[in-house]
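Q: The chain contents come next:
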Amino acid sequence: MSDRKVVKFRGAGFAPISKRGVGPLVFILLIGFLEFGTRVGFISNLTMPRPSDVFWTFVNLWSSGLLWQHLIPSLTRLLVGSSLGISAGIGVGVLVGLFSFIRAGLVPLVSALFPIPKIALLPLFVIWFGIDETSKYALIAFGTFTPTVVATYGAVDNVDRSLIRMGQSFNLSWLSIVTKIVLPGAMPGILSGLRISLAIGIILLVAAEMLGAQYGIGAYILEAGSLYDLERLFTGVAILSVMGVTISALIGRVERRLLKWRV
Amino acid sequence: MDLLLENVCHSYGETEVLRDISLSIPSGKIMCIVGPSGCGKSTLLRLLGGLERPSSGQVVQLGTPPENCINPLTYVFQDFALLPWRTVEKNIGLVLEDHQIAKARRAEIIADVLARTKLTDFAGALPRQLSGGMKQRVALARALAVNPAVMLMDEPLSALDSQTRELLMGDLVNLWTRQPFTAVYVTHNLNEAVRLGHSIVVLSRRPGCIREVVTIEKPLSERQIRDSELDAKQEYLWNLMREEAAAADQELLNV
Ligand SMILES: Nc1ncnc2c1ncn2[C@@H]1O[C@H](COP(=O)(O)OP(=O)(O)O)[C@@H](O)[C@H]1O
Ligand SMILES: [Mg+2]
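Protein chains in written order, with the numbering used here: chain L, 2 to 264; chain C, 87 to 341.
Honestly, the hints are just simulated from the structure, not real lab data.
Take these hints with a grain of salt, some might be off.
As the list claims (entries may be wrong) - Below, simulated SDA-like cross-link-like pairs (lysine to any residue); rule was C-alpha separation at most 20 angstroms, straight line: (1) K261/L with E175/C; (2) K176/C with D161/L; (3) K176/C with G245/L; (4) K176/C with I178/L; (5) K261/L with K319/C; (6) K189/C with A209/C; (7) K176/C with V7/L; (8) K261/L with T301/C; (9) K176/C with P116/L; (10) K261/L with A209/C; (11) K176/C with T180/L; (12) K115/C with I302/C; (13) K261/L with K189/C; (14) K261/L with W171/C; (15) K319/C with Q336/C; (16) K261/L with I302/C; (17) K176/C with W175/L; (18) K115/C with Q310/C.
Said to hold, decoys possible - Listed below are several chain L residues computed to face chain C (Cβ distance under 7 angstroms; list not exhaustive): (19) F100; (20) S101; (21) N172; (22) W175; (23) P185.
Remember, it's a predicted structure, so these values are computed and weren't measured experimentally.
Yeah, the Cβ is synthetic: ideal placement off N, Cα and C, and Gly gets one too.
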């Protein structure tokens, strides 16, 4: 055969591996571009604040001590609200996953609640729980509850049935099967659901704070927005983004710890 | 303790899977069950261990299991069914945790079964680090840990390559020779059946009923890979099954 050809490689792609530094690079390029644009002038200061100005606003916020005054109430609300919502969500999700009766009763209800923009219900929560912290906790809890339920029962459905059957065949108690087989088996799905739930939690946090809070990142953003103070507005938004990235990184760490067993 | 199947029939909806099976499981022996695929072997095993209720007839347990028996009817599954998030040791520990067994005694049992299955060095490994043969040895160790009165094995070696299967068959024979156990061993591999079975039950195609029970007197430890007596038995079994298997194959096509 004279017609010699190397067999073409066509197995590339579809196998994401972690590339260090690419994520930060995207941020640096984007911020560098904005900085450059606003300095040179092809981006007007009226449409976009200069990143370095935003940075100095942040430094001021920090040194004046106001940062913590806003951040601590916000983090508390997020923590309390989302832990309530997520723990209730995992509990209900597991029950829905395990019991046909509960599933038949609750799945339609959850589907009905899921698409409601929870922000629209804030006035209701204010009437029920008062204007103070409780209504904010309730809003965040409610908002994180539904996606957690859906993720959890999906994850429970996906637990390998043959493992459960194995547990039964060794006469493990019902509780053992749930805690030692179902829950660990559902953990990957539950954790990826948490990413979504917590992002929704941050969104609702800001919404709740915009509607009645003296301190909090949402209140800070609202105040800056009403004054058209773009530097402060962007400072607030950047803080939210950092919160999002931090939470996502934390979940990533938890995943690496808890899901070491995965291939 | 003996197990007895009395006129057991089973159907899934319209599909009749097993018809009038009566069988006594001799204790201290390995009974193999062979039959064409889809004839209800796995179903029969599930009925034996109480994972499924027969449509009619009954599965009877004669006598009480021995004192030290933690889980009288214990399965070994084809797909191993190991918890991927637990190490070898903890996978075995799992089946001891729900019983009031002192921690020290538990560790003792685990060490013993690990030694018997030659897994001591792998106590801390996760299932994903093990080959198929190793995983099945872990599953076997787990089954031995509860000291079963009857082991119910559903094609335990079918997911393994032929070399590993040969090795594990040797291990099973050694385990049995050192300490005889009762087992019902389902397989579609006639070679496994003649190497491991004291008796071999041949099922017909669906609805499965017993065509014949073949016994092999030769002690397990004396059965070799090339053995004219076993080869003759295997050929005999194959002749019994050939038509059934062909017909079962056709049926699957016609569905
Ligand atoms: N849970 C079930 N529901 C309905 N049909 C089943 C179920 N399990 C098995 N069957 C049917 O019963 C027949 C026997 O299955 P099985 O016992 O697994 O056969 P084998 O193990 O001998 O290959 C097959 O036709 C299969 O489709
Ligand atoms: Mg089968």
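Q: If a hint holds in the structure, say so; if it does not, say that too.
A: Going through the hints against the structure:
1. K261/L with E175/C: holds (17 angstroms)
2. K176/C with D161/L: holds (19 angstroms)
3. K176/C with G245/L: Judged against 20 angstroms, a Cα distance of about 37 angstroms means the pair is violated.
4. K176/C with I178/L: holds (15 angstroms)
5. K261/L with K319/C: violated (48 angstroms)
6. K189/C with A209/C: holds (17 angstroms)
7. K176/C with V7/L: The hint is violated at about 50 angstroms.
8. K261/L with T301/C: violated (48 angstroms)
9. K176/C with P116/L: With a Cα-Cα distance of about 43 angstroms, the restraint between K176/C and P116/L is violated, given a limit of 20 angstroms.
10. K261/L with A209/C: Holds - the C-alpha atoms of A209/C and K261/L are around 17 angstroms apart, at most 20 angstroms.
11. K176/C with T180/L: holds (15 angstroms)
12. K115/C with I302/C: Within the cut-off at roughly 11 angstroms; holds.
13. K261/L with K189/C: Violated - the C-alpha atoms of K189/C and K261/L are around 26 angstroms apart, more than 20 angstroms.
14. K261/L with W171/C: holds (8 angstroms)
15. K319/C with Q336/C: violated (26 angstroms)
16. K261/L with I302/C: violated (48 angstroms)
17. K176/C with W175/L: Judged against 20 angstroms, a Cα distance of about 19 angstroms means the pair holds.
18. K115/C with Q310/C: Satisfied, since the Cα-Cα distance of roughly 19 angstroms is no more than 20 angstroms.
19. F100: violated (20 angstroms)
20. S101: Hint on S101/L: violated, closest Cβ of chain C at ~18 angstroms, above 7 angstroms.
21. N172: Nearest chain C Cβ about 5 angstroms off; hint holds.
22. W175: For W175/L, the interface hint is violated, since the closest Cβ of chain C sits about 10 angstroms away, which is over 7 angstroms.
23. P185: holds (5 angstroms)
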